[in-house]
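Whenever a hint applies, use it, and build me the whole structure from the sequences.
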Amino acid sequence: MFKIVEKRQLSENIFEMKIAAERVARAAQPGQFVIVRVKEGGERIPLTIADYDVEAGTVTIVTQTIGMSTRKICALEVGEYLADFAGPLGRPSEFVHMPLEELKQRKYLFVAGGVGTAPVYPQVKWLHEHGVTADVIIGAKTKDLLIYIDEMSKVGRVHIATDDGSEGYHGMVTGLMKELIEVEGRKYDECVCIGPMIMMKFVCLTTKPWELQTTVSLNALMVDGTGMCGACRVSVGGKTLFTCVDGPEFDGHQVDFDEAMRRQAMYKNQERIANEEHKCNCYGK
Amino acid sequence: MANKIPRVAVREQDPKLRAANFEEVCYGYNEEEALLEASRCLNCKNPRCVAACPVNIHIPDFIHHLTEGNIRAAADTIHLDSSLPSICGRVCPQESQCEGSCVLGIKGEAVAIGKLERFVGDWALEHSDEVEAPVIEFNGKRVAVVGSGPAGLACASDLAKLGYKVDVFEALHRLGGVLSYGIPEFRLPKDRVVAREINEVKKLGVRFETDVIIGRTMTIDSLLDEEGYDAVFVGSGAGLPRFMGIEGENLNGVLSANEFLTRVNLMGAWDPEHSDTPVYVGRKVVVVGGGNVAMDAVRTAKRLGAEAVIVYRRGEAELPARKEEVHHAKEEGIEFRMLTNPTHIIGTEDGWVKGINCIEMELGEPDASGRRSPVEKAGSDFVIDCDVVIMALGTSPNPLIASTTSGLNINRRGCIEANEMGATSREGVFAGGDAVTGAATVILAMGAGRKAAKAIDEYLKTK
Numbered sequence: 000m001f002k003i004v005e006k007r008q009l010s011e012n013i014f015e016m017k018i019a020a021e022r023v024a025r026a027a028q029p030g031q032f033v034i035v036r037v038k039e040g041g042e043r044i045p046l047t048i049a050d051y052d053v054e055a056g057t058v059t060i061v062t063q064t065i066g067m068s069t070r071k072i073c074a075l076e077v078g079e080y081l082a083d084f085a086g087p088l089g090r091p092s093e094f095v096h097m098p099l100e101e102l103k104q105r106k107y108l109f110v111a112g113g114v115g116t117a118p119v120y121p122q123v124k125w126l127h128e129h130g131v132t133a134d135v136i137i138g139a140k141t142k143d144l145l146i147y148i149d150e151m152s153k154v155g156r157v158h159i160a161t162d163d164g165s166e167g168y169h170g171m172v173t174g175l176m177k178e179l180i181e182v183e184g185r186k187y188d189e190c191v192c193i194g195p196m197i198m199m200k201f202v203c204l205t206t207k208p209w210e211l212q213t214t215v216s217l218n219a220l221m222v223d224g225t226g227m228c229g230a231c232r233v234s235v236g237g238k239t240l241f242t243c244v245d246g247p248e249f250d251g252h253q254v255d256f257d258e259a260m261r262r263q264a265m266y267k268n269q270e271r272i273a274n275e276e277h278k279c280n281c282y283g284k
Numbered sequence: 000m001a002n003k004i005p006r007v008a009v010r011e012q013d014p015k016l017r018a019a020n021f022e023e024v025c026y027g028y029n030e031e032e033a034l035l036e037a038s039r040c041l042n043c044k045n046p047r048c049v050a051a052c053p054v055n056i057h058i059p060d061f062i063h064h065l066t067e068g069n070i071r072a073a074a075d076t077i078h079l080d081s082s083l084p085s086i087c088g089r090v091c092p093q094e095s096q097c098e099g100s101c102v103l104g105i106k107g108e109a110v111a112i113g114k115l116e117r118f119v120g121d122w123a124l125e126h127s128d129e130v131e132a133p134v135i136e137f138n139g140k141r142v143a144v145v146g147s148g149p150a151g152l153a154c155a156s157d158l159a160k161l162g163y164k165v166d167v168f169e170a171l172h173r174l175g176g177v178l179s180y181g182i183p184e185f186r187l188p189k190d191r192v193v194a195r196e197i198n199e200v201k202k203l204g205v206r207f208e209t210d211v212i213i214g215r216t217m218t219i220d221s222l223l224d225e226e227g228y229d230a231v232f233v234g235s236g237a238g239l240p241r242f243m244g245i246e247g248e249n250l251n252g253v254l255s256a257n258e259f260l261t262r263v264n265l266m267g268a269w270d271p272e273h274s275d276t277p278v279y280v281g282r283k284v285v286v287v288g289g290g291n292v293a294m295d296a297v298r299t300a301k302r303l304g305a306e307a308v309i310v311y312r313r314g315e316a317e318l319p320a321r322k323e324e325v326h327h328a329k330e331e332g333i334e335f336r337m338l339t340n341p342t343h344i345i346g347t348e349d350g351w352v353k354g355i356n357c358i359e360m361e362l363g364e365p366d367a368s369g370r371r372s373p374v375e376k377a378g379s380d381f382v383i384d385c386d387v388v389i390m391a392l393g394t395s396p397n398p399l400i401a402s403t404t405s406g407l408n409i410n411r412r413g414c415i416e417a418n419e420m421g422a423t424s425r426e427g428v429f430a431g432g433d434a435v436t437g438a439a440t441v442i443l444a445m446g447a448g449r450k451a452a453k454a455i456d457e458y459l460k461t462k
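Residue numbers (numbering that gives the first Met the number 0), protein chains in the order written: chain X, 0 to 284; chain G, 0 to 462.
These are calculated hints, taken from the structure and not from any lab test. C-beta atoms are modelled at their ideal positions from N, C-alpha and C, and glycine is treated no differently.
Listed next, with one range per pair, are the computed distances between beta-carbon atoms:
hint, chain 1, residue 1, chain 2, residue 2, range
1, X, 185, G, 426, 48 to 56 Å
2, X, 38, G, 411, 36 to 44 Å
3, X, 207, G, 349, 20 to 28 Å
4, G, 381, X, 79, 50 to 58 Å
5, G, 384, X, 236, 29 to 37 Å
6, G, 384, X, 208, 37 to 45 Å
7, X, 100, G, 410, 32 to 40 Å
8, X, 4, G, 342, 50 to 58 Å
9, X, 38, G, 11, 31 to 39 Å
10, X, 236, G, 410, 26 to 34 Å
And the structure:
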């Protein structure tokens, strides 16, 4: 059992929670994720790590209520427990293993979309702590859905894009990327993009002609998260890989996004039925 | 003559009924049946069954106690060599081990050793409250066990009995490894058998911790260097599923047997009232493979309401699954397409499985494994319409531990290199079970766990 020690609402349906999980906190690195099971009978669902505090022994997760299980997680309050919190899983971001001297020469552009902003944060923070300050584009449909702006501003140079123009650049993140790279002439060695699958697909299509190395973090369906089931299979450069153990970060230019999006929808029908069947007032409890 | 009695038939759930539920197929013997069957044993001077048992259970001894009606003594005898009789009695391939070498089997039918073991094991679980937990003096040494499957459980209980403080780390949220995520409820009940057998191990003072992925949450190096363990046993199994590498394998509706069985067994998707995890079978499921896992998957699919078919590239005689499982599957209405190999999977426009293209095979010359290798019959392609394809082609060990442990050698199949007693290339690290051998059986894993416990004891005594 893993205790929820802090909870904060970041937008209408996005919640941040700090979970007491000392071992996970100690081992966590940027780019990794955890598997959470809310209670007995619950699904195992992968969630990205938004932050970790070795001293406090806590790991921060940011969850958007998109299905039954995420609703159940978000309905929990401080002092309550998650049944399971296993991790950290997946490979850490590649820059973690890079020689520091080489790393300090590199220029990073992060592109974060919606709830995907949360897993970008520990990466930008880690780089900042190691002497690299990155540009970070944070995109959302509208101003109210932007998250982690203050936190990110402390560790990176933040640029905001909203689809409706309610804050920052008016348009998609790809438009703002073109602005920075083609208009302002900024140069980058690597783009790291985390967000909805469709956004990552278009960011990769945008960076391809620039020959800008682009890393994406995939949020595939998983059951165990440790390489056992293969539900998270993804085609990368024509090879089938497992998101959980070979990723979650991959070379975005090699990822078959259409297949990945189709596979993500594998249980959509059943999810819809489950959501419809669940009509009590307990809000997922 | 005792051996004039025919082998006592075991009661089973009616095939028509059980093909639609997850209750146990085999009811096992009651006391009367067990005692009668026990009376068939010749109590051989040189019992071949003992030698054929991977953990060398004193089979004629426990059966002899049974014939005298002393079930407690029978249980104590089994427990000398096995900590999981209720499990092994159900899932061991007895026909190729103990029963396969029973003298009675030469001219007639072997003693039903497996069913007797199960009877004794279940009786011991039912009556476990009558036995006080043993008081074992702590010998001052601590051992970490990675994985709570058969190898880990056997190693942990033996070490605990010797006075070691043993902590078992399990990556999943439920204990038991393949006993929990792999083998279905209808063959091995989870609460009634697996959880209770594990409970017996807990009574020995073994501590279990779930949600700890060794290689990620902690490493073997940190267990030895920081967490203060004197030795580590790795029984992490072979969890990585294989795929065929054919076209269409990433279509929606193609999954590994591991995924399918994990959803149903570990996550409880067979019981949607108590589980949030979805599982999809559609109208018709094709399972590719011929091992026990393939049988488990196809019979599970049937129980979830689908028409279910086995596709296997060799002939029926070559099926690696236990005879009993094949027999049960047939009784339940599973269709077997032998000498058939998939060439590619056909999808709908929006990427869902709609069929599997297969080719007929014929048996050629024996290959390295001694089995006649199948050869394609040119031009014999045909399509089986289906909604789901389950790949049950075997598994290999997870590379997570090997890749994060310094000085641990692995072979080219990804298995940890260990000697007969489980010692690896890294001092203080022992390994056994599927992590060393690749996918094998529960009893072989248990045997390896026990040998390693002995080796760990010897290693730590001299340290």
